[in-house]
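J.: So you can see what is in the structure, the chains are spelled out below.
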Amino acid sequence: QQQVKQSPQSLIVQKGGISIINCAYENTAFDYFPWYQQFPGKGPALLIAIRPDVSEKKEGRFTISFNKSAKQFSLHIMDSQPGDSATYFCAARGGSARQLTFGSGTQLTVLP
Amino acid sequence: GAGVSQSPSNKVTEKGKDVELRCDPISGHTALYWYRQRLGQGLEFLIYFQGNSAPDKSGLPSDRFSAERTGESVSTLTIQRTQQEDSAVYLCASSLGTAYNEQFFGPGTRLTVL
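From first to last, the protein sequence lines stand for chains A and B. Those letters in the first sequence? Residues 12 to 123, by the working numbering. Those letters in the second sequence? Residues 22 to 135, by the working numbering.
What the hints contain is simulated information worked out from the structure, not anything from laboratory work. Misleading hints may appear alongside valid ones.
Stretches of chain B that chain A covers, calculated by requiring three or more beta carbons in the stretch to come under 8 Å of a beta carbon on chain A [said to hold, decoys possible]:
1) 55-64
2) 88-97
3) 127-135
C-beta: ideal position from N, C-alpha, C; glycine also.
Given these sequences and hints, build the entire structure.
T.: Here's what the structure looks like:
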């Protein structure tokens, strides 16, 4: 059972544009929602994370928007740069589980 | 400081052979996780160690997979009688162990089963 659904699978954006990646979850016990960035040949690295007590969190050019009632959250990358080209994973954790449940990933390409 | 390290970085083996993958977590991190990443897919949880507690093995796909951890340090993931469908990148992560602590990932071991 896929508990975190991520879209789109791939995304191409012009430099300076806004990149938006969406995730939806099913398990209402989830209470921690991180986004990870992965470059080829590297392990994922935490980008930004949110708890459901807030609807938005911003760190620099990266913003998470969270809609608890819809069970959806999204990553917005403002002023996208070619160096942002990577694979992005949403994830969720909660209940008795300590492990993360990951989405399937979005391959972002930012054109120069 | 040093991050999570994994070895080998690449492993090619023949179907039916056993393989051992190693993970060195960040010093002081009590929690350690193994995940599997198939080509073009998200990460699948395999097993979780927290201190001296019994590991959470709920993600192991079959009894061919096992893992051990020595105290709060090195962990090894063993796959017996490897199959072609075991080909993937195996990622290890560690964290301070309390809720909501960031998981730091190693670079992974790319396993290819011929």
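J.: Hint by hint, which ones does this structure get wrong, listed from lowest number up?
T.: 2
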